[in-house]
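Using the sequences and the hints given, assemble the complete structure.
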Amino acid sequence: MPPVQAQEPQLPAAAAPPPLHMSPGRRAWIRFRRNRLGFVSLVIFVVLVVLSLFAELLSNDRPLVVRYDGHWYFPIVKDYAETTFGGDFPTPTDYLDPFIRRQLKEGHNFALYPPNPYGPKTLNYFASQPNPAAPSRENFFGTDDRGRDLLAQLIYGFRVSVLFGLALTVTGVALGILTGAVQGFFGGKTDLAFQRFIEIWGSMPELYLLIIFSAVLAPSVGLLLVLLSLFGWMGLSDYVRAEFLRNRQMDYVRAARALGVGNGRIMWKHILPNSMTPVVTFLPFRMSAAILALTSLDFLGLGVPPGTPSLGELLNQGKANLDAWWISLSTFAVLVVTLLLLTFMGDALRDALDPRKADA
141 MPPVQAQEPQ
151 LPAAAAPPPL
161 HMSPGRRAWI
171 RFRRNRLGFV
181 SLVIFVVLVV
191 LSLFAELLSN
201 DRPLVVRYDG
211 HWYFPIVKDY
221 AETTFGGDFP
231 TPTDYLDPFI
241 RRQLKEGHNF
251 ALYPPNPYGP
261 KTLNYFASQP
271 NPAAPSRENF
281 FGTDDRGRDL
291 LAQLIYGFRV
301 SVLFGLALTV
311 TGVALGILTG
321 AVQGFFGGKT
331 DLAFQRFIEI
341 WGSMPELYLL
351 IIFSAVLAPS
361 VGLLLVLLSL
371 FGWMGLSDYV
381 RAEFLRNRQM
391 DYVRAARALG
401 VGNGRIMWKH
411 ILPNSMTPVV
421 TFLPFRMSAA
431 ILALTSLDFL
441 GLGVPPGTPS
451 LGELLNQGKA
461 NLDAWWISLS
471 TFAVLVVTLL
481 LLTFMGDALR
491 DALDPRKADA
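Using this note's numbering, the first residue of the sequence shown is number 141, and each one after it goes up by one.
Because the hints were derived from the structure by calculation, they are not lab data. You may find that some hints are simply not true.
[What the hints assert, rightly or not] Keeping only pairs whose Cα atoms sit at most 20 Å apart, straight-line, the calculated EDC-like set for lysine to aspartate or glutamate is:
| # | residue 1 | residue 2 |
| --- | --- | --- |
| 1 | Lys329 | Asp378 |
| 2 | Lys245 | Asp285 |
| 3 | Lys245 | Asp209 |
| 4 | Lys261 | Asp285 |
| 5 | Lys218 | Asp234 |
| 6 | Lys261 | Asp219 |
| 7 | Lys261 | Glu246 |
| 8 | Lys261 | Glu278 |
| 9 | Lys329 | Glu346 |
| 10 | Lys329 | Glu339 |
| 11 | Lys245 | Glu222 |
| 12 | Lys261 | Glu196 |
| 13 | Lys261 | Asp234 |
| 14 | Lys459 | Asp494 |
| 15 | Lys409 | Asp391 |
| 16 | Lys218 | Asp237 |
| 17 | Lys261 | Asp228 |
[What the hints assert, rightly or not] Taking CB as the label site, the calculated pair distances span:
| # | residue 1 | residue 2 | range |
| --- | --- | --- | --- |
| 18 | Ser343 | Glu278 | 46 to 54 Å |
| 19 | Trp169 | Gly404 | 23 to 31 Å |
| 20 | Gly375 | Thr223 | 52 to 60 Å |
| 21 | Pro270 | Ile216 | 25 to 33 Å |
| 22 | Lys261 | Val477 | 34 to 42 Å |
| 23 | Leu469 | Ile351 | 26 to 34 Å |
The beta carbon of each residue, even a glycine, is placed where N, CA and C say it ideally should be.
Below, the structure written as structure tokens:
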């Protein structure tokens with residue numbers, strides 16, 4: 141018999157490295173999609189964010205559309221007086237009023253309500269239980285200590301947290317890239333002066349400044365965004381500075397200088413695209429930190445204005461009402477799921493952009 145030759149083990153098709161002719165971005169995307177946990181987390185997070193952007197269609201105390209006495213009305217976009225639907229007062233209609241609900245069901249009338257017929261500020265004066273009320277068919281997640289529907293608070297609070305975290309991340313990334321690029325590219329006295337400024341600025345008591353400004357100025361989301369942005373750029377600036385210090389010595393930079401290309405074009409057209417790995421890698425983690433910062437400040441009463449849906453305020457209510465377990469449990473679950481999704485996305489993104497795993 142001829143000798144049996146040992147065959148080399150072959151990798152499965154799913155583990156084969158991306159083709160070499162692909163662009164680096166395409167290869168990184170393929171590696172990211174192979175990380176099933178990270179890719180599924182991205183899909184779930186995007187779906188949740190998109191749904192929260194249409195929160196008014198999912199949770200609102202106004203019907204989406206009403207047909208009454210042969211006429212069509214759209215309460216979700218326009219206010220109608222109670223007299224329009226057979227009421228006695230020329231005030232805005234309370235669509236939770238049992239009389240109004242009966243009026244909208246009589247004859248050929250009908251009203252299409254959102255899946256959760258409560259808004260973030262809705263007070264149900266016709267509730268059958270005292271507040272805070274436990275989960276029931278009337279309020280799926282229960283109510284808080286003010287009688288507001290908890291599910292509506294979570295939907296709108298999640299939207300506020302995500303949009304605020306995204307805005308703070310974009311602002312911090314822009315400032316971090318700008319300062320880090322200037323330090324790393326020019327170096328010398330420019331770098332030294334920036335580093336001393338960062339050391340002084342970073343030693344400022346951020347929490348005390350927030351307390352002082354909250355006491356002096358009226359609280360608002362814009363003010364909170366500005367104050368947190370003043371301190372949120374320094375961490376990323378160090379990474380961008382290191383990348384620019386390394387890449388400015390590369391041959392393609394020297395060639396561009398020899399051809400007479402200006403410093404601005406070299407920085408933004410040549411060095412920056414090759415220095416974006418730490419920026420992109422830290423995006424999910426920076427967004428997680430921004431959401432946690434907003435939640436912590438809201439918990440302390442230093443965050444968004446009163447009346448704004450807030451996860452931090454719900455946690456504070458849960459602390460004050462320990463017997464109302466549904467408030468703390470549901471809010472904590474939303475925070476944990478959000479931060480876990482961002483963490484899994486960040487881990488997958490870091491592995492996809494890791495040059496040591498380029499052929500893995």
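Task: In rising order, the numbers of the hints this structure does not comply with - done: Violated hints (numbers, rising): 2, 7, 9, 14, 17 and 22; every other hint is consistent with the structure.
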